[in-house]
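Enquirer: Residue-level listing of the chains:
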Amino acid sequence: MPLRFTPRDTSFFDLLAELATHLVTGADLLAQLLGADRPERKALAKQLGDVEHDADETTHAIMRRLNQTFVTPFDRDDIYALASALDDCMDFMEEAADLIVLYRIGELPARVSDQVQVLQRAAELTADAMPRLRSMSDLADFWVEVNRLENQADKLHRKLLAELFDNVADPIELMKLKEVVEILEAAADAFEKVANTVETIALKES
Amino acid sequence: MPLRFTPRDTSFFDLLAELATHLVTGADLLAQLLGADRPERKALAKQLGDVEHDADETTHAIMRRLNQTFVTPFDRDDIYALASALDDCMDFMEEAADLIVLYRIGELPARVSDQVQVLQRAAELTADAMPRLRSMSDLADFWVEVNRLENQADKLHRKLLAELFDNVADPIELMKLKEVVEILEAAADAFEKVANTVETIALKES
Amino acid sequence: MPLRFTPRDTSFFDLLAELATHLVTGADLLAQLLGADRPERKALAKQLGDVEHDADETTHAIMRRLNQTFVTPFDRDDIYALASALDDCMDFMEEAADLIVLYRIGELPARVSDQVQVLQRAAELTADAMPRLRSMSDLADFWVEVNRLENQADKLHRKLLAELFDNVADPIELMKLKEVVEILEAAADAFEKVANTVETIALKES
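Protein chains in written order, with the numbering used here: chain Y, 367 to 572; chain P, 367 to 572; chain E, 367 to 572.
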């Protein structure tokens, strides 16, 4: 970690970056889980559960510090919103993984992997962007690109829904798949929320 | 457009009014779509998609201006909440239309038209109310009436759910219809959010 | 009611406590409803509807006072968030009860009673905690315990989902039960939101 000369709560940046790093790990585990067989999936979902637990700890550390710190690097409510949105990204990814295992879902449609690839890309962009909050530099690319990804995820989601209704004849199987697909879409929305919050912060500071 | 003599960001009012006008157009297209046959529905859903895109542009214009303007006509967070809620109304209406086409739904129960009529009425009231934000006059009627409409929508929604479960024997068809009906209910909730935000703004200013 | 010597809007505390008391009554009615037979369930759902209506009145009283009061005992937005979250708890419990009747659901799985027991406990803790907002004392136990309960509810919820998918062969029956179970989970989330808002308030004041 670099030397710090300013006392103004640089640790918020470290904690937000740490939280975003958990998201990258989580999204990668979720991608692995999709391609794995059942016993492996169970182990990967457990690992993802551990990462989600770590992310929870980081989120609570941010919240505690937020409530106990007099001067924050930017608007208190914006830090709160950002940490909550990051935490939501993780919760949805973990929930999707858990339900895939719990529902004993077999092979998933190819477009579900596309959904998770969007999440992986969004997580990477987020982890790259968090350290740049310190200097408020080059953040526009981040929120523009994540918004573009979310639009892509949204289109993918609707195609996937139509595809499921066309191809899955068993209504109970359909219900399971639809739920997983909707949780992944909620994760993409949560990444967009992260990007929009970063935009708000950056524009206020500019 | 009338002459403006005050420099205090009157354009927020224009943009909010513009956004609400898109909602009226959107709700009307949705109502037409319900009564149309399939090829026509597809064309109407496309039109609604264009309106939703226009509304998105207006919302972004509001957000940009909000982040770049020092003095806003009322609380920054309230303008943000109002624009977001208006945008949500549109998103839900567009999503409902898109899914009706995507799921190749046939004739819809009569109560779905009732739901959409409530949305049309809420959109008209909203478009009427937005220009009155400038003078903060006669807004109470608006939020009282939209809250009344939302209560009506809520009762309708539950009756409709019970009706679907009683009358639709095919579980896959039921899932499709239930999803559309729930998105329309979410649109009614978003209009209530609009009305509650207007109430908050008006009471703060009084 | 005790004598009041301070003019600083003690009534917010009374109204929040009143709202939480409605939640205890509501959760108890919901628990009774689960064990009752159909005609009795209908009467209990009606009673719960009345309690929800009372809670609505209390929430509106809080909102009105909030918008008309210059000095509030703590952050205006936090009072707003707290009242909204309490109101959400009630709305979800009422909705669950209403759907159980509307869908003519028969016997519910034992784990649904466990879910409702968690809600009853959360409601009691909340009603106990609200009066302590006045002195800001001993609130940490409250939010820690409600967070623990929500974690428990979350685990229960997932087990229950898996159980439903394993045991309910009729997809339409499954859809009905899944919806009720998800609304109960949303109620548990709303109680967590209450606890987190109390934590924010307490830490700001400390």
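It is worth saying that the hints were derived from the structure and are not from the lab.
Source: prediction; values computed, not measured.
Wrong hints could be hidden among the right ones.
Any copy, or any two copies together, can satisfy a pair, since identical chains are not distinguished.
Computed list of lysine-lysine pairs in DSBU-like fashion (alpha-carbon distance at most 30 Å, straight line) [what the hints assert, rightly or not]:
no.: 1; residue 1: Lys525; residue 2: Lys542
no.: 2; residue 1: Lys408; residue 2: Lys570
no.: 3; residue 1: Lys408; residue 2: Lys525
no.: 4; residue 1: Lys570; residue 2: Lys542
no.: 5; residue 1: Lys570; residue 2: Lys525
no.: 6; residue 1: Lys570; residue 2: Lys544
no.: 7; residue 1: Lys412; residue 2: Lys570
Enquirer: Kindly indicate which numbered hints from before are broken by the structure, ordering the numbers from low to high.
Expert: 2, 4, 5, 6, 7
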